[in-house]
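Heads up: the sequence lines are chains A, B, C and D, in that order. This note's numbering numbers the first residue of the first sequence as 1 and each following residue consecutively. This note's numbering numbers the first residue of the second sequence as 1 and each following residue consecutively. This note's numbering numbers the first residue of the third sequence as 1 and each following residue consecutively. This note's numbering numbers the first residue of the fourth sequence as 1 and each following residue consecutively.
Rather than coming from a laboratory, the hints here were simulated on the basis of the structure. Where hints are given, some of them may not hold.
No more than 25 Å apart at the CA atoms, straight line, and that leaves these computed lysine-lysine pairs for DSS-like [unchecked claim]:
| hint | chain 1 | residue 1 | chain 2 | residue 2 |
| --- | --- | --- | --- | --- |
| 1 | B | Lys40 | A | Lys40 |
| 2 | B | Lys40 | A | Lys35 |
| 3 | C | Lys40 | D | Lys50 |
Residues of chain A clear of chain B, computed beta-carbon distances all greater than 12 Å [claimed, not checked]:
| hint | residue |
| --- | --- |
| 4 | Lys2 |
| 5 | Arg30 |
| 6 | Asp60 |
| 7 | Val113 |
| 8 | Lys163 |
| 9 | Lys177 |
| 10 | Leu180 |
Note that the structure is a prediction, hence the values are computed from the model and not measured. Glycine included, C-beta positions come from ideal geometry on N, C-alpha and C.
There are 4 protein chains.
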Amino acid sequence: MKITTFIGSSRANGNTEILTDIVTKNVTHRRIYLKDIMIKPIHDLRHDMKGFRPVADDYDQIIEAILESDVLIFSTPVYWYSMTGLMKNMIDRLSQAIRDERYPELKEHLKTVNAIVVTVGGDIPRIKALPLIQQFKYTFDFLSINFSTYIIGQGRRPGDVVKDEQAVAEALLLNEKLKLESKSNAH
Amino acid sequence: MKITTFIGSSRANGNTEILTDIVTKNVTHRRIYLKDIMIKPIHDLRHDMKGFRPVADDYDQIIEAILESDVLIFSTPVYWYSMTGLMKNMIDRLSQAIRDERYPELKEHLKTVNAIVVTVGGDIPRIKALPLIQQFKYTFDFLSINFSTYIIGQGRRPGDVVKDEQAVAEALLLNEKLKLESKSNAH
Amino acid sequence: MKITTFIGSSRANGNTEILTDIVTKNVTHRRIYLKDIMIKPIHDLRHDMKGFRPVADDYDQIIEAILESDVLIFSTPVYWYSMTGLMKNMIDRLSQAIRDERYPELKEHLKTVNAIVVTVGGDIPRIKALPLIQQFKYTFDFLSINFSTYIIGQGRRPGDVVKDEQAVAEALLLNEKLKLESKSNAH
Amino acid sequence: MKITTFIGSSRANGNTEILTDIVTKNVTHRRIYLKDIMIKPIHDLRHDMKGFRPVADDYDQIIEAILESDVLIFSTPVYWYSMTGLMKNMIDRLSQAIRDERYPELKEHLKTVNAIVVTVGGDIPRIKALPLIQQFKYTFDFLSINFSTYIIGQGRRPGDVVKDEQAVAEALLLNEKLKLESKSNAH
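Using the sequences and the accompanying hints, generate a full structural model.
Here is the structure:
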């Protein structure tokens, strides 16, 4: 089982990353920090006669990571009750990627993928991050990705999330599951 | 009454812009196309000792437009059940803007602002764009902006939205209101 | 085209009924006032060996009205951000109705039905009634009912809803559509 | 610390009750089975000159239980993506209760209450029960009740919920917390 984790935060070692670290502890995975690569906003050319044009940025990395993964972890702090702009641009570009002739297998591959969302917010996230979860659900449904589970943590100041016992308990449980599945799929 | 419209689409003359045109017809307003200016993703330094650093991009235009407006129209197509990445980066940067010492009046000014959201989606938007509306609501509440109203239109192919009679009726009604208010406030 | 309207309010001539009157003006339809009939809460016996038992109340009226309708209008005030208990009990009993051997055609019939929701609330309903709309959507999806449209009006004091121009405009538009469809289907 | 648990299910020993049993194990509390008492739907007379009339049913029990509690646990299966009609009628009647001259202290008391929601559904409840959670949130906000936390479990067949490891882990954690608080508040 191969896992890729997309880190959508704009700063290192934030609460969301800490919670994601618990989820992925001792689990082999690839980690992509969106803040460290360049992803341009999509230019929607679905209805243009010539279709989408190649974009000179790092997005191919994203596509290739998805193609080699069975599990995708979307790790994003709650910025203004939604995913970060960094992650949103990554998601938006999927509209182009699933039409990219260089990756004809992408759409079919996505149907085999399991997705996990890890997010931490400061303002009652267990309520106010629910629209974000719903949006991920709609997106995964559209792409026939299976939405395995999500964890919403609470934290405002650096490190706060470790005090959110419920989120930590959920992260530990998910970590156990990922370790187990990684092992059984390694055969 | 001064109005600024932020156009979050990545292409010109999309359905959302068409619907926004109906809303703003014969209403004096400033229009900012986010696709034509450069806004970098936020670098969250709220918890950094030195705080946020100046960013070399066009964001000051956004702040200045907000400061001189009584009404803000957020016009965004539904991309993946959410606002576009272009608009999300604009929103994210508000976290920095409200702490920017060059604009000490911004937070107070926002409390006097009325916001309108215009959005068009292709996949049952009157249901699936509701999380997006909820996120705008939470955001406006946080900033004490008054959420005047929103219009959700349906359209997939270019120009489709004009066939959405309900959205067009709502847009016309809102246009009447804006024209009336512009007039009465001009005295 | 046959239409049944379920009125879920506990009082006569409330705002929701006023808005529903606009929607159905000059449109032939059957109207059932839930407050005037007796519907017991469901007793969930799906997992009981003997299954559901006959219930001595007026629910058969509901089933029979559904069976003879092409369009169902669910008209409910927003009580505590949700449909009224009167209407909820009606909805809950669908779990029994779709398993009722006396109505083997019900499930298939529901797949041909168009549903409309009309609701009025006092506390920012265009935001806070959205979970209610989402629940109707999930329910209609489960039953393969087509969710035609919904109208959310605002009103606190008796009669207030007529001042909600947007809701009234939407209701008039829907009324036009229903009149047109009633006529063309009458042939 | 005094706790009352309202059981909204229509059958005994359902999944929601099992999950609630874990939450309340070894915690002193009062338990009210809504299916075993009689609560009439509200008759909304807020705008009637004479106001609400006394209702001959068991609702006073509910009010009195609330008045003597610090913690309220709302335990309801997900019926059609919402609370049960049994529980909805209980909630609806709060509109009358907070205006009931026999209980002038109710509104103030509610502001001191902590609420917990426990719910189990069969159809992807961690997504599709979110509107229900949002509605509880709006309701608690309106009444200034503190929304402590919620647990959403998954289960379709009798007993299934014990296989939902995440929900069980959350329930155990909450149980620990309630035991601790009960003890420290007993002094």
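Structure-based check of all given hints:
Of the pairs offered as hints, the one joining B:Lys40 and A:Lys40 holds, with about 10 Å between alpha carbons and a cut-off of 25 Å not exceeded. Only pairs whose Cα atoms come within 25 Å are accepted, and B:Lys40 paired with A:Lys35 is accepted, the gap being roughly 11 Å. In summary, the hint linking C:Lys40 to D:Lys50 is not supported, as the alpha carbons are separated by about 28 Å, beyond the 25 Å threshold. Every CB of chain B is more than 12 Å from the CB of A:Lys2 (nearest about 24 Å), matching its label as outside the interface.
At roughly 22 Å from the closest C-beta of chain B, the C-beta of A:Arg30 stays outside 12 Å, upholding its exclusion from the interface. The beta carbon of A:Asp60 is kept farther than 12 Å from every beta carbon of chain B, the shortest such distance being approximately 18 Å. Interface exclusion of A:Val113 from chain B stands, the closest Cβ pair being 16 Å apart, more than 12 Å. Distance to chain B confirms A:Lys163 as a non-interface residue, since its nearest Cβ pair spans about 16 Å, more than 12 Å.
For A:Lys177, the non-interface assignment is confirmed: its Cβ lies about 27 Å from the closest Cβ of chain B, beyond the 12 Å cut-off. With a minimum CB-CB distance of about 32 Å to chain B, A:Leu180 clears the 12 Å threshold, and the non-interface call stands.
Checked against the numbered hints given earlier, the structure breaks only hint 3 and satisfies all the rest.
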